[in-house]
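K.L.:
What follows is each chain in one-letter form.
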Amino acid sequence: MSREDQQILKQFYNCCILRDGKILNEDLWVRDGKIVDPEKIFYDEKIKPHVRIDCNGALISPGYIDLQINGGFGIDFTHNINNVQEGINKVAKRLLEFGVTSFCPTLVTSPSETYHKILPNIKKTKGGKHGAAVLGIHLEGPFISSSKKGAHSENYIKQFEKGFKSLTDMYGSLENVCLVTLAPELPNAQSVITELCKRNIIVSLGHSVANLKEGEEAVKSGASFITHLFNAMLPFHHRDPGLVGLLTSDQVYSGKTIHYGIIADGIHTHPAALRIAHRTHPKGLVLVTDALSALGLQEGVYQLGQLKIEMRSGRAYIAGTNTLCGSTAEMSKCVRHFKEVTGCSIVEALEAATLHPATTLGIEKTKGVLNYGADADIVMLNKDLELLSTWISGECVHCNYKCNCQ
Amino acid sequence: MRLVICDTADYVAEWSAKYVLKRINDFQPNPDKYFVLGLPTGGTPLGMYKKLIEYYKARKISFKYVKTFNMDEYVDLPRDHPESYHYYMYNNFFKHIDIDPENVHILDGNAPDLVKECDDFENKISEAGGIELFIGGIGPDGHIAFNEPGSSLASRTRVKTLAQDTLEANARFFGNDISKVPNQALTVGVGTVMDAKEVMILITGSHKAFALYKAIEEGINHMWTVSAFQQHPRTIIICDEDATLELRVKTVKYFKALSATHQKLIQEDGDAILRRSIQNN
Chain L
1 MSREDQQILK QFYNCCILRD GKILNEDLWV RDGKIVDPEK IFYDEKIKPH
51 VRIDCNGALI SPGYIDLQIN GGFGIDFTHN INNVQEGINK VAKRLLEFGV
101 TSFCPTLVTS PSETYHKILP NIKKTKGGKH GAAVLGIHLE GPFISSSKKG
151 AHSENYIKQF EKGFKSLTDM YGSLENVCLV TLAPELPNAQ SVITELCKRN
201 IIVSLGHSVA NLKEGEEAVK SGASFITHLF NAMLPFHHRD PGLVGLLTSD
251 QVYSGKTIHY GIIADGIHTH PAALRIAHRT HPKGLVLVTD ALSALGLQEG
301 VYQLGQLKIE MRSGRAYIAG TNTLCGSTAE MSKCVRHFKE VTGCSIVEAL
351 EAATLHPATT LGIEKTKGVL NYGADADIVM LNKDLELLST WISGECVHCN
401 YKCNCQ
Chain E
1 MRLVICDTAD YVAEWSAKYV LKRINDFQPN PDKYFVLGLP TGGTPLGMYK
51 KLIEYYKARK ISFKYVKTFN MDEYVDLPRD HPESYHYYMY NNFFKHIDID
101 PENVHILDGN APDLVKECDD FENKISEAGG IELFIGGIGP DGHIAFNEPG
151 SSLASRTRVK TLAQDTLEAN ARFFGNDISK VPNQALTVGV GTVMDAKEVM
201 ILITGSHKAF ALYKAIEEGI NHMWTVSAFQ QHPRTIIICD EDATLELRVK
251 TVKYFKALSA THQKLIQEDG DAILRRSIQN N
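Residue numbers (UniProt numbering), protein chains in the order written: chain L, 1 to 406; chain E, 1 to 281.
This is chain E alone, in the form it adopts within the complex (with noise of 0.2 Å):
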């Protein structure tokens, strides 16, 4: 697992977008290869995303020959209603760029048949190859998508109901009014963001230290659902300086001195291994 510590949030909206755009342009997609990307939502991608469109307008990225799989979204909100994620996306991110719509995919919490719904995204990710970069956020609690504290460590896409904490958070969203907060939702599993080949998680903010504190220094449970990628062959952590509070200062140190072969994964002509020649005198 890598963990790459940012000064501040700005910061890791940068690192992680051009992360993102090394990634994609190593891949060289085409037409016959489409690099498949999955996406979180929330507040702390958003900084990404606009990033990502700057990058995208200056003409350093292309999104022609990429698909994207959204990670979760609300049952029975109107899709276009400003918490959907479908809106979320849609204005953040997909109305800037040049992505072809076709690619897009996010799960239809109006669906008729919400578990058909959720198998059937299953099978689109697998028809395309599988997704090569999952990015995603977490909650303070440690859940990411909706897997909640609890979830399977194995599920795959399903229907959710959201505990009441989530609930609750979420009523300022929807007018402080809890009664107007969907309390179900689409999501993809635990498995099946450990099937991506690599997996990117974005963590900003003291409210978060504690669950990355579960998330990398104590052992996988479930209750903190992000502590399944301890397991996850290609794990990288972007977080600021805040989330690291509950950290050990070794923890820390010991990732903060790695900083320079960090920076090399997001340098144009950068390699993924730093190497060096030993002079001998």
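Pulled out of the complex, with its shape left as it was, chain L reads as follows (with noise of 0.2 Å):
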């Protein structure tokens, strides 16, 4: 972006936004990649706008955030060692197609070696013309438990032996990695738990078979967000309702809100469960796609880390058997699908893959928001919440039909 441009002061006009939790039919303006505040402007520098932009009466929304991602476009980040930032970058050109305007690329469990390779190519970037921003590295495994590895390599999960050494043992640096998945019960997690907060990276529990008491330990040490609810843990048991209990735990102190991720993909999560999550805790739910290789391709078999999955009837199977791994499903059409099951609102709906994702990052001032001072990463969608086009830093970097974007 030239000088010049930054100082373009672009008006999107016959619109609404998503702005407070409601949708308001309101103007937005956008500088320097930033959203900001029209009647400042009006007032203090008594500009009018340079560009307007016609919208068409489109609906606004902060551009999608997926926490967790596998890959997609035949690109596996787990596997795809040789030429990291590659497979990235493809990917994140494609997901501005779904209205993903920034990700984490999630790495399944993996030998050592792997995440030595891998970590410090994946760098946190802006987004752009050249695809969505990066967030942040999600790090799902190896210290899992091996009863619900789900499409895990069993051979590569490991314990915490040696407490958080372990880990940076196993991982190498940290520095890019945002969100680390791992099972509050194995022996000294708790003790990880605290050293990753203190490190500002989130921590996630899943692939678990943890109580509701060993879940709330967790919280109470730092953890934040549940993967992929009801996938890869124990099931709901009125006597011990597990993980799944902390949507209604009385131990999460008030003020915290324990976000949990949730693959509303229409074959992971049974609608009713769907419901179930949304209406005890809508304020956590935050849509994510658990999308992998296949995303984007047609049937066949491909590489998920370790393993060969197999595209089946619209679902990813892995290679030869039953077990669901990951979907393929894109973001937009999971926010169709939750607001459909579930009867949610349109604001309800968009905040799961916007405002909520963002504030489990801790990145709600920018991301996710379409207030003042949050970058111009927005998606513009009809009536039917259907994608027309995806816009990074007030820039057109997607379009889906004719419009006004230049």
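Because the hints were derived from the structure by calculation, they are not lab data. A portion of the hints provided could be inaccurate.
Stated by the list, open to error - To give an idea of the chain E side of the interface with chain L (calculated C-beta under 8 Å), a few residues:
1. Tyr-90
2. Phe-94
3. Glu-102
4. Gly-205
To be verified - Simulated crosslink set (EDC-like; lysine to aspartate or glutamate; CA at most 16 Å straight-line):
5. L:Lys-40 with E:Asp-108
6. L:Lys-46 with E:Asp-98
7. E:Lys-95 with L:Asp-37
8. E:Lys-95 with L:Asp-44
9. E:Lys-264 with E:Glu-14
10. L:Lys-40 with E:Asp-100
None of these values were measured; they are calculated from a predicted model. Ideal Cβ positions, reconstructed from N, Cα and C, are used throughout, including at glycine.
Fit the two chains together into the complex; they arrive one by one in their own frames, and the hints show the way.
P.N.:
As structure tokens, then:
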């Protein structure tokens, strides 16, 4: 962006915007990649917009944020060791087609060498025409429960034998990491959680057989997220609700919100389960795709980490089995599916893919909102929440139809 | 003076907006000839602003060559406070229309030197060539802008300390906490409004009926500052039926009989003076 571009004041008009939990009949003003307060500019600078963009009645939402995505378009972040950046770039670019403006590339359980090779090469990056922003890496495993391994390869699942050192030995540098999924029932897990939180890394509970008490201990130690609720954890039981019970736990101190990822692809989570989650704890619900390399691909056999997976009737299975292993869902479809089956409002559906994931990472001042000062990462939607166009820093980066985005 | 009596407050909004529309369009403003408009805030003119926005969106009117001067603003209230008149004007009017922010003038209640701010405001009005049409509302005590009872009828733009009654009335906008209500305001003077070429005053509701009576049926009195406009050569008051409740039947009938003439004032091809030909039999 040149110096001149930065000064350009853009007004998106003839639109509704999602702000402060409401759909407002307001214009959106952008300058220097940020959302700005037009009233302040009107009175202080006394200038008119340089560019006016007619949104034709579109709904403007913050761009979607995906906290859990293993790959897509033939790229598997965990398996693609040799040209990591190329793979990230490809997925980042294509995600714009689904309205995703920032994401956390997610690595599944792998041998230590894999982490040492990959982690230094996935830098946090700003979004743009080249693709969605990388917010940091989500490490899902290897410190998980073997009995809830899901699609993770059992051979590489590890324990915290040496406490936090086991973790640093395994991963190497944590510089590019923002989220770690672990099983809290593992010995030494609580001290590891504390250490991760000290480093501003969000701890998520998942792939676990933890009971509720263990879950609550983990939350007290600083864990604040649950990885794909219902999947790869103990099923809800009324005498021990397990990690699912965290949604209504009275041990979570007031003011703290436990967020939880949920795959609303219509396959991984039954609509009734989605409704249970949404109705008991709507503010914590985060839509994740958990998408893998087959996202955007035809039926066939593909690589996921150390495993071969098979695309069959629109679902991804571990090859030759009936075990589901991540989705091929697009975020924009998840938002629509979630709204449809829960009957929630448009605001709730959108916030589950915008505000909530941003809050999970503590970046809700700049991402996932349309407040003044936030990054102008937006999606334009029609009334059915179908994606019309995707914008990053106020620039159109993907367009599904003839629009006025130059 | 003209008194236009409309059936309802909604029609007051429509009538006044149509009048503004016609005045601006007849004026044919252009880069060399700006239309200068004085503007009020408050509940009464809200409907008029809505209508004007509607006309703007229907491309019946443009504010490109219109300059505006607002009547008043609180002192020391943050400009983005929802009760500030900057906020009101931006959100209820300016952001919806094509006015150039350079042409908008609102007194700055946060200016370091308030006296200078007021003097500058008067100068800016003069530089703009004076106000073509000043629109105002009134309070139940007959005040126009913040020219409360007892204000000099020759007053100019200045700092005013607000009456206790006003503070109490305004407390509802500040969480019912009177200590949060600004107790000073900057306001144009009665004299400032009197200098406008034309003054249009909107009065609606039975709670303002007594003020309307004082404005037009009794003498000029600084305790009812709006009464000063009896001496203005072009004043037009738009009111609803409720606001006429304290007027004499005679007064109401007199002005209602003129309604056909008044209607002409807002017709697109209308002329201010109604002519008719009388046939000889």
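K.L.:
Compare the structure with each hint and give your call.
P.N.:
Hint by hint, here is what the structure shows:
no., hint, verdict
1, Tyr-90, "holds (5 Å)"
2, Phe-94, "holds (7 Å)"
3, Glu-102, "holds (5 Å)"
4, Gly-205, "violated (28 Å)"
5, L:Lys-40 with E:Asp-108, "holds (14 Å)"
6, L:Lys-46 with E:Asp-98, "holds (13 Å)"
7, E:Lys-95 with L:Asp-37, "holds (12 Å)"
8, E:Lys-95 with L:Asp-44, "holds (14 Å)"
9, E:Lys-264 with E:Glu-14, "holds (14 Å)"
10, L:Lys-40 with E:Asp-100, "holds (14 Å)"
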